[in-house]
Amino acid sequence: MSERYSFSLTTFSPSGKLVQIEYALAAVGAGAPSVGIKASNGVVLATEKKQKSILYDENSIHKIEMITKNVGMVYSGMGPDYRVLLRNARKLAQSYYLQYQENIPTAQIVHKIANVMQEYTQSGGVRPFGVSLLIAGWDEDEERPYLYQCDPSGAYFAWKATAMGKNFVNGKTFLEKRYSDNLELEDAVHTAILTLKESFEGQMTEDNIEIGICNKDGFRRLSPPEVKDYLASVQ
Amino acid sequence: SILEYNGAAIIAMKGRDCVAIASDRRFGIQAQTVSTNFQKIFEMGPRLYIGLPGLATDVQTVHQRLQFRLNLYELRENRRIKPKTFLSMVSNLLYERRFGPYFVEPVIAGLDPKTFEPFIASMDLIGCPMVTDDFVVSGTCSEQMYGMCESVWEPNMDPQELFESISQALLNAVDRDAVSGWGGIVHIIEKDQVTTTELKGRMD
Chain A
9 MSERYSFSLT TFSPSGKLVQ IEYALAAVGA GAPSVGIKAS NGVVLATEKK QKSILYDENS
69 IHKIEMITKN VGMVYSGMGP DYRVLLRNAR KLAQSYYLQY QENIPTAQIV HKIANVMQEY
129 TQSGGVRPFG VSLLIAGWDE DEERPYLYQC DPSGAYFAWK ATAMGKNFVN GKTFLEKRYS
189 DNLELEDAVH TAILTLKESF EGQMTEDNIE IGICNKDGFR RLSPPEVKDY LASVQ
Chain B
140 SILEYNGAAI IAMKGRDCVA IASDRRFGIQ AQTVSTNFQK IFEMGPRLYI GLPGLATDVQ
200 TVHQRLQFRL NLYELRENRR IKPKTFLSMV SNLLYERRFG PYFVEPVIAG LDPKTFEPFI
260 ASMDLIGCPM VTDDFVVSGT CSEQMYGMCE SVWEPNMDPQ ELFESISQAL LNAVDRDAVS
320 GWGGIVHIIE KDQVTTTELK GRMD
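Protein chains in written order, with the working numbering: chain A, 9 to 243; chain B, 140 to 343.
The shape of chain B in the complex, shown without the other chains (with noise of 0.2 Å):
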């Protein structure tokens, strides 16, 4: 199956006035672990984070092209976009695909440009979007990542509880599935500031 060729596990929450989004750092041919240190979640704003998981050279090229289209939209409007309208532009850029798909199943995180309200949501590879308020997964594992969700999951988390809630939901889960995990990243998202940590688990 072509979503599960390369592996990938990525989960975004939402806090109290913060976000977090977490992902694994393989990037693997099937059985075979190529590189530990694969990147894919990707900035697209001070406070708006794009996971993106599926096929890694789809994951590489949405990335290009989103970024292309955002640039122009900040570049035209003069102001950065808000996380709700950048979810219709990956939306709108996946659907354009719709006969021949970006094999890439988006998770979107951050806070609004000026109420810092927090966002998440998710959407499948031909952009059918899904906004949540408590978590949203997508990847190989994304059932053994939903089962952790619910159970670490609670409304309100501050920026530390929020850390160690996504971090023990990635990280249990990826070690239930072959092609996830060798190492994790985790992005804290607040109004003033975003943490990046990196997570040591186990490298097989």
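In isolation and in its complexed conformation, chain A is listed as follows (with noise of 0.2 Å):
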């Protein structure tokens, strides 16, 4: 009955939903897994980057990626789709910046990301974006970290820890086990790695996997000889 109601995005079916978004969610929970997890001085955003053959380049292109110094983001879906929303991401967070010569607060900017998404719910002609985002920030003002999610609905919510796409159910529960307040960053980086490796298939390495941390130096990506080191500590 709900495939009638399925072909155009603005239409509700019987049952209250818009069927287009449960299809996004379903692309996102096929997805490659990543895991976001807030400590005590920062946030660490991590994802399986796995290539389906050898001869890709694997450190030309990214998975996890800054908006602002402040600000990062990994996603769990389609590519092509996060870039579109990253790209637009780093043109709001610039906007802002702007106007006030301050860097935008996480909260902020992953309201207007959300807006974006929610816009993609409700106009003619397109439809939602098969990606959800993670994205993680400190925030300057209150001296704290941040840890949101973005859904193809528009919606977004603040986690202390979380993980999405492939078994996502798995890693939530892992995270749930493993989860403190007083993590700290290294902590939580371990933590992270280990919430991957319950869904891997095969061996981690520093190439296929991606780790970023954000903390009050700012949003980076860790370099592959840095990951290899945190590896070591887990294998």
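Bear in mind the hints are in silico, worked out from the structure with no lab data behind them. All values derive from a computational prediction rather than experimental measurement. Treat each hint with caution, since some may be false.
To be verified - DEER-style ranges, computed between Cβ atoms:
{"id": "1", "chain 1": "B", "residue 1": "G239", "chain 2": "A", "residue 2": "K168", "range": "45 to 53 Å"}
{"id": "2", "chain 1": "A", "residue 1": "F165", "chain 2": "B", "residue 2": "K253", "range": "35 to 43 Å"}
{"id": "3", "chain 1": "B", "residue 1": "N295", "chain 2": "A", "residue 2": "E150", "range": "27 to 35 Å"}
{"id": "4", "chain 1": "B", "residue 1": "D273", "chain 2": "A", "residue 2": "D215", "range": "54 to 62 Å"}
A virtual CB, placed ideally from N, CA and C, is assigned to each residue, including glycine.
Could you use the hints to bring the two separately framed chains together as a complex?
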């Protein structure tokens, strides 16, 4: 019955759902796993970056990207859709800086990105984005870390720790057991790697995962040698 | 000259853990004085004030439009704006009208909402900001005000000394200007209170 309502995004199904959004969430659920953990002094983002062939040049394209010096993000789902949102987010953040000469607070940029995603659920001739985003930021004013998730529907949530993509249910259960409020960033990175490991097939190396951290010094992606060091303490 | 049509005088000064902002009260149309209680300093936050000298219609419009932007900012961000950020907001508003500007040259005075650090700044009619550590002046008798401030200002004045200095600087400067004066008003902004005083001066 709901198939009849699945063609047009802007039509509600009788059960009150927008089926296209459900399908978009399914696209996310089929994507590569990603994990985010908020520690007392920072946030860590981690994701699996499995390439289909050994011929891929792994270090040329990145999944974990910076939006501004103090905010970064990662995704699960469709890479091309992510690129569009990333570009959009960067422009929005810069517009804010142009007006206020101040870095955009994490909650504000998340809200703006979520608004963009929502627009694509209520406009004609477009489809929702096939990604869920994990956004990590450091708030200069409040001097605290933030972790948010943005869904294709435009809904966003603030998390202490979460997982997205394949096997996210197991990931979240794992995090529920491992998370504590006084986790430090170093421990959080360790825990993030362990969470990814739960659903990882094969050997984890510094070339098939990506890790990003955000603390008072800003957001940065860890280099492969740094990732290797963390992996060494896990394996 | 458009900036001299209505006449105005505003000074802001920095003291120790406090700031002061003062203005005259005249609203005139060239030589004719029309009102002696015209508001040129506006409260934009519990410890943030802006003084707007210049064309009276723009004084009111800029204040209203600024209030609009500020209200949305505070609702969106769920916090009070910092004086430095407010400076950028005003600058942005004025530069948007680069080729048809508002004829106001604002003066900002306030304390940071978290650290209570004093802050004063001024800018020109197209939004060029200037942050100083001592005093800022703006209006038709700016030269006179500069002279007075240079004489009476010294660093680290407490609120009472600051009040005396800024009042004397304003009163004596506007007395050498035909289109400023007709009373004065001073706000002394400290961490836990704002004291507003009306100055008794020459009503001519």
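Consistency of the hints with the structure:
1. For G239 (chain B) and K168 (chain A), the Cβ-Cβ distance of about 51 Å falls inside the hinted range of 45 to 53 Å, so the restraint holds.
2. About 27 Å separates the C-beta atoms of F165 (chain A) and K253 (chain B), a value inconsistent with the hinted range of 35 to 43 Å.
3. Roughly 31 Å separates the CB atoms of N295 (chain B) and E150 (chain A), a value that falls within the hinted 27 to 35 Å.
4. Between D273 (chain B) and D215 (chain A) the C-beta distance comes to about 58 Å, which sits within the given range of 54 to 62 Å.
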